[in-house]
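Heads up: the sequence lines are chains A and B, in that order.
The working numbering puts the first residue of the first sequence at 264, with every later residue one more than the last.
The working numbering puts the first residue of the second sequence at 185, with every later residue one more than the last.
Calculated from the structure, these hints are not laboratory results.
Here the structure is a predicted model, which means the values were calculated and not measured.
Among these hints, one or two may not hold up.
Sample of chain A residues lacking proximity to chain B, with all beta carbon distances greater than 10 Å (derived) [said to hold, decoys possible]:
#1 319
#2 358
#3 362
#4 451
#5 461
#6 462
#7 505
#8 540
#9 606
#10 607
#11 664
#12 665
#13 673
In silico DMTMM-like links for lysine to aspartate or glutamate, alpha-carbon gap of 20 Å or less [what the hints assert, rightly or not]:
#14 B/306 - A/323
#15 B/306 - A/324
#16 B/306 - B/250
The C-beta atom is built at its ideal place from N, Cα and C for all residues, glycine as well.
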Amino acid sequence: MRLALRLFIPLVFCAGLVAQGDIYRRGLAEQPIRSDGISYHVYLPSIVLHGSPRLWATADDQYGGAYPEHTGILRWTNTSWWLNPHPIGVAVLMLPFFLIAHALTLWSNLPPDGFSLYYQVAATVGGLTYGVAGLAILSRVLQRHFADGVVVAALVATTFGTNYFHYLTFDATFSHACAFFLVACLLWITERWWSSPTPARTITLGLVVGALFLVRHSHLLLILIPALYRPSDLWTRRASISAAGLVALLVALPQLAIYKAVTGAWIVSPYSLLPATMTFWSPEIAGILVTLPKGLFFWSPVLLASVAGVFLLRDQARAFRWSSVAVFLLLTWLVGSWYDWQFGGSYGHRGFTDVLPLLALPMAAAFDRLRQASRPIHAAGVALISAAVALSLFQMVQYWNGLIPFQNTTWSDYSEIFLRWP
Amino acid sequence: MALTRRAITIVVVLLIGASALWWLRDPAWLGDYRHGFHGDGWTGGRASFFVPADHASVTFDVAGHDQFTMQVSVYLDGRLVDRFSADANWRTVTVPTGQVATSRRHRRVDIHVARTWGPDRKGIRVRI
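With the rest of the complex left out, here is chain A (with noise of 0.2 Å):
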């Protein structure tokens, strides 16, 4: 099982890599920076090709003077700025994997443009490389309380089980990929930081937090999960809590002031400008967790694994559960609240993605109780985890070949294509 664990990571880069080129290679997806990776991308070819983050160079030299509609970057009134509805961290992580392929394209006289083959190579392969580091420290945190039998299940559950195989590969320029990878670090600074809060260890903790806001605002709740690890400890480690806070306020910098050039605010909505509202009062719960169009549990049925695990975290783990729970909720909350609670086009439901590693450790929980169980019931469970594992990649491809929607998918679609293959 120690082989299994260690191959575990390598394989799952292959099977991407593989993945990708057929993706691309069979025109099942039009080219990897499209639709949000446009967005999460263009401060890149702004920034280090025209030397400014206004986004109007990119917008000139790429679109012919204006920004297409989907991509939600409009144009701020007052200043001329573009205000982009999705922040620099993604940007800021895909830095390396844009500078190689910005040399390369020098190298074989493409278009120095930020979008032609290398661009567009990097930024796919650098999505896959960042969830696969992910998946990397996820092992690393799983293996301090399970047994390597249960990570290496909890791995293939978390990875082919859920979206995930999906965001790593089909749509591997979204955030999805780095917001996991993010969390993963998290998780694991996380025990450190609460075993021994060395100076280098609470600046990691502020830099992930940092990055984690960059990434996607609204993750800054997550800051639950190092606060709920030991709630009762938390004033005694006031002084490491503001160090870490002043360190994640330098690494947001960046954003703030690009806000404060944009609108002449510090802080403001990226979505201000767009038709989005949300409806705090009246949020679609069902409709993103348990049924049709985008049921978390629907399209990830393994992930029930995590809800019944959070009662069986043991020992070091259980200080993980409260934030577990904290923080599923609230993002149920915000995500069923938010205008198009579908997300756009997803497979499954993408706003859970980026915490699938801290559902994974309830998950392990479960199985591991799984595996202490009486034969006939262990042998149930595994032929109901593979059974829902098989189901979530099948489906998976059905969703890259066309035939479940990208959005708004009714029983009637769904009974049509059950089990037919692409």
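With chain A fixed as given, assemble chain B onto it according to the hints.
Same frame as chain A, now just chain B:
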């Protein structure tokens, strides 16, 4: 022994990397590479294609939108070679490709369109 194996691994990796870089400097597939074109032949704000370096010149036809004219700039390997206004009528553009020597098999032609239209940000039609 471990040091020798590590040294051999490093040398092999460096050789593979150097070979890949050498191949990528002038790959044959560049001749078929198109960038920035929609499926229906329209460009976006920027489009690029490659032509054989051993030709003295290349010609292609362009036409713009029927509601307004737009400024089109043509670059060869990043150097401006022509700039004109395009309307809905097809016009032939000739790019002298043989004036400056190159050690590569292909030259890159970039088309920049100052203004685009529609939800897909379409620029001009190009017939190569």
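Status of each hint after checking the structure:
no.: 1; hint: 319; in the structure: 12 Å, holds
no.: 2; hint: 358; in the structure: 21 Å, holds
no.: 3; hint: 362; in the structure: 16 Å, holds
no.: 4; hint: 451; in the structure: 29 Å, holds
no.: 5; hint: 461; in the structure: 32 Å, holds
no.: 6; hint: 462; in the structure: 34 Å, holds
no.: 7; hint: 505; in the structure: 45 Å, holds
no.: 8; hint: 540; in the structure: 23 Å, holds
no.: 9; hint: 606; in the structure: 21 Å, holds
no.: 10; hint: 607; in the structure: 16 Å, holds
no.: 11; hint: 664; in the structure: 19 Å, holds
no.: 12; hint: 665; in the structure: 16 Å, holds
no.: 13; hint: 673; in the structure: 26 Å, holds
no.: 14; hint: B/306 - A/323; in the structure: 13 Å, holds
no.: 15; hint: B/306 - A/324; in the structure: 13 Å, holds
no.: 16; hint: B/306 - B/250; in the structure: 12 Å, holds
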